Structure formats: structure tokens, C-alpha cells
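Chains A and B are the protein sequences, given in the same order.
Count along the first sequence from 1, then add 500; that gives the number in our numbering.
Count along the second sequence from 1, then add 483; that gives the number in our numbering.
Errors might be hidden in some of the hints.
What the hints assert, rightly or not - Calculated pairs, DSSO-like style, for lysine-lysine (alpha carbon to alpha carbon, straight line, at most 27 Å):
(1) 573(B) x 523(B)
(2) 818(A) x 523(B)
(3) 543(B) x 562(B)
(4) 756(A) x 523(B)
(5) 565(B) x 523(B)
As the list claims (entries may be wrong) - Between beta-carbon pairs, the in silico distance windows are:
(6) 583(B) x 973(A): 34 to 42 Å
(7) 719(A) x 535(B): 56 to 64 Å
(8) 493(B) x 573(A): 21 to 29 Å
Calculated from the structure, these hints are not laboratory results.
Only a predicted model underlies this, so the values are computations on that prediction, with no experimental measurement involved.
Where a beta carbon is used, it is the ideal one built from N, C-alpha and C, also for glycine.
One-letter residues, chain by chain:
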Amino acid sequence: MKRMGIVCCCVLTLMLLAVPVFAQQSPTAASPVGSSATASSPDVPQAVTDKLNQLEQKVTAAQYSADNAWMLVSAALVLMMTGPGLALFYGGLVRQKNVLAIMMQSFVLMALITVLWALVGYSLCFGEGHFIGNFQMALLRGVGALPNPDYAGTIPQSTFMVYQLMFAIITPALITGATAERMKFSATVLFMTLWFFVVYAPMAHMVWGKGGFLNASLGGRFPTLDFAGGTVVHVTSGVSALVCALYLGKRVGYPKQPMPPHSLVLSFTGACLLWVGWFGFNAGSALASNGLASSAFVATHFGAAAAAIGWSLAEWVKNGRPSALGAISGAVAGLVAITPAAGFVAPMPALAIGFIAGLFCFWMVTKFKAVFGYDDALDAFGVHGAGGTIGAILTGVFAQTVINPIFGEGKAVGGLDGHWGQVGNQLAGVVMAWVLALVGTIIILKVVDVTVGLRVSEEHEVEGLDITLHGEEGYNLEA
Amino acid sequence: MMKIEAIIQPSRFESVKDALLEMGVEGMTVTEVRGHGRQKGHTEVYRGREYTVDLLPKVKLEVVLPDQLANRAVDAILKSAKTGKIGDGKIFLSRVEEAIRIRNEERGESAL
Numbered sequence: 501m502k503r504m505g506i507v508c509c510c511v512l513t514l515m516l517l518a519v520p521v522f523a524q525q526s527p528t529a530a531s532p533v534g535s536s537a538t539a540s541s542p543d544v545p546q547a548v549t550d551k552l553n554q555l556e557q558k559v560t561a562a563q564y565s566a567d568n569a570w571m572l573v574s575a576a577l578v579l580m581m582t583g584p585g586l587a588l589f590y591g592g593l594v595r596q597k598n599v600l601a602i603m604m605q606s607f608v609l610m611a612l613i614t615v616l617w618a619l620v621g622y623s624l625c626f627g628e629g630h631f632i633g634n635f636q637m638a639l640l641r642g643v644g645a646l647p648n649p650d651y652a653g654t655i656p657q658s659t660f661m662v663y664q665l666m667f668a669i670i671t672p673a674l675i676t677g678a679t680a681e682r683m684k685f686s687a688t689v690l691f692m693t694l695w696f697f698v699v700y701a702p703m704a705h706m707v708w709g710k711g712g713f714l715n716a717s718l719g720g721r722f723p724t725l726d727f728a729g730g731t732v733v734h735v736t737s738g739v740s741a742l743v744c745a746l747y748l749g750k751r752v753g754y755p756k757q758p759m760p761p762h763s764l765v766l767s768f769t770g771a772c773l774l775w776v777g778w779f780g781f782n783a784g785s786a787l788a789s790n791g792l793a794s795s796a797f798v799a800t801h802f803g804a805a806a807a808a809i810g811w812s813l814a815e816w817v818k819n820g821r822p823s824a825l826g827a828i829s830g831a832v833a834g835l836v837a838i839t840p841a842a843g844f845v846a847p848m849p850a851l852a853i854g855f856i857a858g859l860f861c862f863w864m865v866t867k868f869k870a871v872f873g874y875d876d877a878l879d880a881f882g883v884h885g886a887g888g889t890i891g892a893i894l895t896g897v898f899a900q901t902v903i904n905p906i907f908g909e910g911k912a913v914g915g916l917d918g919h920w921g922q923v924g925n926q927l928a929g930v931v932m933a934w935v936l937a938l939v940g941t942i943i944i945l946k947v948v949d950v951t952v953g954l955r956v957s958e959e960h961e962v963e964g965l966d967i968t969l970h971g972e973e974g975y976n977l978e979a
Numbered sequence: 484m485m486k487i488e489a490i491i492q493p494s495r496f497e498s499v500k501d502a503l504l505e506m507g508v509e510g511m512t513v514t515e516v517r518g519h520g521r522q523k524g525h526t527e528v529y530r531g532r533e534y535t536v537d538l539l540p541k542v543k544l545e546v547v548l549p550d551q552l553a554n555r556a557v558d559a560i561l562k563s564a565k566t567g568k569i570g571d572g573k574i575f576l577s578r579v580e581e582a583i584r585i586r587n588e589e590r591g592e593s594a595l
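Using the sequences and the hints given, assemble the complete structure.
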């Protein structure tokens, strides 16, 4: 009986010690996994010590397996957000003659970014440094089955690496919503390659990388809370999208000629896939199959739901009818806004963040865009730039230590805890993302413009990019 | 011989077709078309952008009939296509000089 008591105690202690280390999680939990809590003492016979050591190994292995399973599924879910999710969402919103071109832009990023990531991308994002990582993991040197305790102590680094890759794929893909129906394919490929190095890699590193300038748990100057990429993914891509829309100019015929979405059925399907995939994006960002993942899962779902209602209500009041496009756009806006907050906020604040984002993005897309007259064809800025910005700031308001004690056990995290200074830190992160995206994108656009040229000819634009750039049609209904 | 071209609401097509078959019309040609008369169009709103869709979907039905059947057919169409609202469509009548059945080169009303 007494022996069993000792075993139970040891197993419990082990389980507590074996809490994994997340990208954005309390440093107090950063204890070395597998530390021997069963140091032999004169009172404990050798057989018991051996047994306990075996148990320790088994417990650790079980946890590794559970976490790894969830993280592999999450990685797949995040890839599903780009293809088919985003490809369908955007594909339905363009005119019939450009459906393959926009889908192809998402798809090529699945291939292109993967290769860049394997060569140097992962190292630049997650190697050590203030503003960008070093080359220590170039060609994925040392990235294998062993965990990297700086980031995720209970999953193979390969899993962490491939999970993060999926984020790097979807981020530039979001920008294609602003350049849709007029940018050359060659220009898109060159632009995205440069953008990955100039904007994504530094931003991802600063927020999530070891020693990053904005990293909240690994020694950042301005600890910005960004659980799953509100600033890294949505603010950078959204702001870059705005710059692209302004630089490229309007589509031929915009805004006089009607350019309605060619298939809201595709968009609807895509938006629902995005919603489901987002569980991998946000809940997966806990980097373990634990309570924090569940909390982030709930917040994500609640944020999307409240935002769909917010946008639909606004539309109902303003236009007299709630539209399907409005409802799905609202859900995506909510998912964007909850992204930085997912692992820090309780369910009720998640509803609030979603609802506010739904209303705010509705206003950005319908009013703000109309006043300034830029042609952000599929509203990449109105949804991702605006939603990401508001979400990042609201994270500073609603983050709570009971959900995620990232600054240490019991220490105030956000405004609700009384730490209003966090809103300032959030603003620092947002400003950094805006400035980096603005400056980086302008330079890249200039380079691409003078080398391969950005826009297709007016003739090609009128004929449609599917035929002129790819030699195909999306719908050969009579074939 | 008379040719009747009726441009009608797509939603009325089935009842018009039934009414014509019932009165003994044996063949017809139907096309999905777009157009507008006084009805103009409607507006659609996508993310706050309003589009006026002024060409609306209609069904065009063409029948060529012997003179004595033509008037009854017009009545049948009028009765079955009417909803009383703007956008119900139009009927055009014209004289047909000749009809030829391609299979056996029959001519005139017997070719109908």
C-alpha cells in the first residue's frame, strides 16, 4: 500500500513536471522534460527506483505520442486552410474567367514556400537572433525526431517545423486576394519569394523566435501576445495587401463595371473549410494536446460565431437582408481577430472580440474602402489587416493569467488583470508589423515592377487570366 | 401559318407548356434568354457593392401553327403565363411563308 502511494506521488510529480513548453507559454513551466524526480535515496530499494524510472519513461513517451498526434493533425488542418479552404473562398469571389488563376496562386505557394522553408526559411524564422534568425538550422540541420525545448518540448522538432511551415504558406496566399484578377503569375511568384524573406521571416522570428524582439516568453524587448499569428500572419499580409492594391491600381472597369462573385457556393465551402482548419491553426498553437489547446479551440469557435452574427446583423440593418457572403465574411473576420487572442482569453471575451471584429470589418469593407476607392479585390486588407489589428489590440485588453500565465504564475497579463500596459505592448507589435509590411512591400513591388512587371496587359485582363496565363478554363461545361 | 414567339417568366414555363400541349400543339422550341422590358432589373449587393442586374433570365418559346390554331394558342399562353406583375413578358406574332420537314421534304401545314 505504502509503495503504491510512493509510486502515485512520483507519477503525479512527473506529470506536473512534464508540462510542455509552448511558443507562447509561461516560462515557469519550462522545466527540463525527463528530469529525474526519482533520485535514489537510502530508504528506497533499487528495484523500486528502476521501476519508477521505467514508469517515468513510459509516461513521457505517452505524452509525447499524444502531443505529436494532435500536432500532426493540426499541421494538416492548417494546410487544408490554404488548399482547398482559401483557394475555394477566393476562387468563388473572382469572376469566372479568373478562377484557376487565383486558385493556382494559392497552390503554387504550397509548393514554393515549402522548398524555401526547407532550405533556409525555418532557420531564419526559428534560429536565434533579435530581428531574424541565423542559419544554424539551414537545410534543416539537426531538425529531426528530438524535440527543441525552446519551442515545443514534447514533440519532434520535425513536427514543429512542418506545423510552422503551414503558417508560412497561408500568410502570403492571403495577399493574393488584393492582387486578384490583374497580377501576372510570374510577378506573383517573384513577389511572394521576396516577401517571405523580407516580411514574413523577420516578423515570425521577432514574435515567436528565440531572442526575438517582440517575443513574450523568450526574452523580447516588447512582449507582444500573439498566440497564433494575428500580427505575424494577418496584420502583415493584410497591410501588404493594401499596399499591393494601391500600387497595382484598379482592375479594368472597376468600380463602374459589375464584378460580382462568380460562385458563392465555392466561397461558402471554402469559408467553412477555413473555419474547421482554424482549429489546427489556433488550438494547435498550444503546441501540445493540453488544456490550453482546448481553451484556444473554444475561443476560436466562439469568436467566429459571434463575428458571423455581428456582420450579418449590421448587414440586415443596413441593407434589409442578411447575405450568405456577409455571414461567411463575418466568420472569417472573427477567426482572424481571435487568432492572436485564442490562447489567452476566456470564452466570454472571445464572444466579445468576435462580435466587435464582425462589426468593424463590415464597416472597413463596405464604408472605408468605398470612401478611399482602392481596389482590394477580395478584401484581404478589410478582413485580415483590419481584423488582425483589432484582434491584436483586444488581446491586450482581454488576456488573463488564469487562461495562460505567460508572464509567470499569478502575474497580470492583460487589461482585465489590471495590466493595461500590455495594450501598449500589443500596439508595439502591431506598429512593427504595419511598418515592416508597408516598407517591405513597397520595396518588393518596385523591384518586381522593374524586373518582370506586375500587371498583365489590359487585353489579357479583359480576356481573363485563366486563358492568357495558364491556357485553361475553369469550366468547360460543354466538353 | 403563324409563328408565335412568347417571352415569358421562367417560373411560368411549365404551365404554359402544359396548356399548349393540352390544346393540341405538337412541337415547340424553347430557349433560355436574358432581357428586360419595362421591368428593368434588380439590385444585388456584395460586401456593400451594389450591382444593378438589368438583363433578367426569361424563357423564349417558339411555335409555328396553322392559322386557325394560332389564336387559341395565344389565349392559352396569355392565361397560363400571366401573374399580373411587371415582367410577365410579351408575345409576338408573325406570318410564316413556308415550312419544310427535313426528313421527307413535306411542305406547308402538313410539315408542322
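Taking the hints in turn, this is what the structure says about them:
1. Between the alpha carbons of residue 573(B) and residue 523(B) the distance comes to roughly 14 Å, so the proposed pair stays at or under 27 Å and holds.
2. Only pairs whose Cα atoms come within 27 Å are accepted, and residue 818(A) paired with residue 523(B) is accepted, the gap being roughly 24 Å.
3. Between residue 543(B) and residue 562(B) the CA atoms are separated by roughly 17 Å; this keeps the pair inside 27 Å, and the hint holds.
4. About 18 Å separates the Cα atoms of residue 756(A) and residue 523(B), which keeps this hinted pair within 27 Å; it holds.
5. Distance check on the hinted pair: residue 565(B) and residue 523(B) sit about 18 Å apart at the alpha-carbon level, within 27 Å; holds.
6. Judged by the Cβ atoms, the range 34 to 42 Å given for residue 583(B) and residue 973(A) holds: they are separated by roughly 38 Å.
7. Taking the beta carbon of each, residue 719(A) and residue 535(B) are about 58 Å apart, inside 56 to 64 Å as hinted.
8. At roughly 47 Å, the beta carbons of residue 493(B) and residue 573(A) sit outside the given window of 21 to 29 Å.
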